[in-house]
Amino acid sequence: MLVSTMGDIGGWWVASHDANPGEETIATYHVNYLRPDRRPLGGKLYLTDQRLLFSPHLIDSLLGGETVAIDVRDIDDAARASGGENGGPPTDSLRLELASGESESFVVDELEDAIGQIRSALPSSGASRSDSPRRS
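1 is the number of the first residue of the sequence shown in UniProt numbering; add one for each residue after it.
Hints may be right or wrong, so weigh each one.
If you anchor each label on the Cβ, the simulated ranges turn out as follows [to be verified]:
id: 1; residue 1: 40; residue 2: 79; range: 14 to 22 Å
id: 2; residue 1: 124; residue 2: 20; range: 17 to 25 Å
id: 3; residue 1: 12; residue 2: 99; range: 30 to 38 Å
id: 4; residue 1: 123; residue 2: 62; range: 31 to 39 Å
id: 5; residue 1: 21; residue 2: 92; range: 31 to 39 Å
id: 6; residue 1: 57; residue 2: 110; range: 13 to 21 Å
id: 7; residue 1: 62; residue 2: 37; range: 14 to 22 Å
id: 8; residue 1: 119; residue 2: 63; range: 19 to 27 Å
id: 9; residue 1: 64; residue 2: 12; range: 30 to 38 Å
id: 10; residue 1: 39; residue 2: 82; range: 20 to 28 Å
id: 11; residue 1: 59; residue 2: 101; range: 16 to 24 Å
What the hints contain is simulated information worked out from the structure, not anything from laboratory work. All C-beta atoms in this analysis are idealised placements derived from N, C-alpha and C, irrespective of residue type, glycine included.
Given these sequences and hints, build the entire structure.
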């Protein structure tokens with residue numbers, strides 16, 4: 001289901017991303033991004049036909065919370081996290097396995113829907129990969 005096509009991806013209360021030419025938003029989710037230091041950042045996750053974008057709430061953004069942009073070609077899998085032991089993400093979170101060997105985690109209210117939508121957006125061919133993820 002196509003939600004919208006935008007010049008900027010984001011809103012007045014979250015940090016924005018510049019849309020790529022022809023980029024279309026497929027789905028949006030309210031999430032907590034589990035940063036590598038495990039400090040959660042609240043915001044929105046945007047799935048487009050090209051990227052997965054995290055935009056922190058405006059206050060978090062002003063306090064140094066970074067945006068995250070991951071090219072869908074760089075995502076190997078999207079799945080439920082396997083467990084919260086040893087400081088890992090909680091089991092109710094989305095875990096993205098990236099081609100670089102890194103992973104990213106988000107606590108998502110509509111977890112199963114998000115997993116399905118992201119998996120559907122992943123390219124089935126061996127398209128070229130970009131550098132991922134990008135934080136700013």
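Results of checking the hints against the structure:
no. : hint                 : in the structure
1   : 40 / 79: 14 to 22 Å  : holds, 19 Å
2   : 124 / 20: 17 to 25 Å : holds, 21 Å
3   : 12 / 99: 30 to 38 Å  : holds, 34 Å
4   : 123 / 62: 31 to 39 Å : holds, 35 Å
5   : 21 / 92: 31 to 39 Å  : holds, 36 Å
6   : 57 / 110: 13 to 21 Å : holds, 18 Å
7   : 62 / 37: 14 to 22 Å  : holds, 19 Å
8   : 119 / 63: 19 to 27 Å : violated, 33 Å
9   : 64 / 12: 30 to 38 Å  : violated, 20 Å
10  : 39 / 82: 20 to 28 Å  : holds, 21 Å
11  : 59 / 101: 16 to 24 Å : violated, 33 Å
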